[in-house]
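Visitor: Sequence:
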Amino acid sequence: MSIILDHVSHIYEEGTAMEYAALKDINLVIPDGQFIGLIGHTGSGKSTLVQHLNGLLVPTKGNIYYNGEDIHDSGYNKKELRSKVGLVFQYPEHQLFEIDVFSDVCFGPKNLGLDKKETELRAYAALKQVGLEDEYFYQSPFDLSGGQKRRVAIAGVLAMKPEVLILDEPTAGLDPKGRDEILDQVAKLREETGMTVILVSHSMEDVAKYVDRIIVMNKGEVMFDNEPKEVFRHYKELEQVGLAAPQVTYIMQALKAAGLAVDTDITNIEEAKAAIIQALKLQR
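In my numbering, the protein residues as written are 1 to 284.
Treat the hints as calculated values from the structure; they're not laboratory data. Remember, predicted model here, so these are calculated numbers, not experimental data. Worth double-checking, as some hints may not be accurate.
What the hints assert, rightly or not - Computed list of lysine to aspartate or glutamate pairs in EDC-like fashion (alpha-carbon distance at most 16 Å, straight line):
| id | residue 1 | residue 2 |
| --- | --- | --- |
| 1 | K219 | E239 |
| 2 | K61 | E221 |
| 3 | K84 | E98 |
| 4 | K209 | D184 |
| 5 | K78 | D25 |
| 6 | K79 | E69 |
| 7 | K188 | D212 |
| 8 | K229 | E270 |
| 9 | K110 | E120 |
| 10 | K61 | E14 |
| 11 | K281 | D263 |
| 12 | K128 | D184 |
| 13 | K128 | E192 |
| 14 | K229 | D212 |
| 15 | K84 | D100 |
| 16 | K128 | E181 |
| 17 | K24 | E221 |
| 18 | K161 | E192 |
| 19 | K24 | E14 |
| 20 | K219 | D70 |
| 21 | K209 | E227 |
| 22 | K209 | E237 |
Let the sequences and hints guide you as you build the complete structure.
Guide: Now the structure itself:
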């Protein structure tokens with residue numbers, strides 16, 4: 001099944017002098033199991049879009065379907081939807097509030113009405129999934145590092161056993177090591193569970209490395225929607241709207257211009273390394 005957005009628009013402060021169209025006639029199909037990167041400059045509509053996917057925002061126009069059902073139909077179970085479509089907000093550590101890590105991760109499944117044993121089993125499994133060591137389970141979440149807090153926040157959503165995991169800038173403010181650890185763990189989870197992952201990010205390197213598909217937002221509209229290589233071929237158009245391609249794309253373009261026979265569609269370092277070595281061998 002899938003999430004379908006059918007002619008979705010969202011207008012803030014409609015009918016006032018502050019009226020602002022954050023989304024304009026969005027049509028998207030998000031199938032099961034994809035790893036999607038959602039990119040765009042600040043104010044492009046990314047966060048507004050993802051908050052529609054689990055019903056936190058209601059579209060001004062259009063419809064949203066999850067597994068074939070309109071999520072805004074009368075009587076639709078929004079609580080169940082939010083257990084299936086889990087959203088981790090930017091700076092999710094601001095959502096931590098319990099006395100210890102384990103209690104915090106138990107909060108979601110407990111609110112689903114699960115018994116104590118099932119709740120605790122889910123919390124334990126989720127914390128192990130995000131790679132948090134047992135020694136931190138009964139510490140205050142506020143004593144953890146930034147990266148550890150992110151893991152706890154993600155575990156709190158995973159404990160609900162979502163089918164779709166939405167991460168809104170999950171690595172904001174983290175150092176490169178912390179960023180890689182979080183995203184490597186998310187990629188591993190997706191591979192193990194088959195869940196759909198939607199990663200909202202400003203980092204072109206991150207989306208190029210991890211995702212199957214990139215959706216580019218600009219002024220509330222979908223500008224591009226394709227696999228990474230196809231999207232980053234349009235790097236000049238991306239630059240015009242305040243974005244860019246990964247650094248490796250520019251390097252490959254420069255090498256090609258200098259006469260080295262390399263593929264300019266390469267978007268990650270490992271592929272670039274192999275291509276450059278191969279091109280240098282051919283020049284000998």
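Visitor: So, against the hints stated earlier in the document, which numbers end up violated here?
Guide: 3, 5, 15, 20, 22
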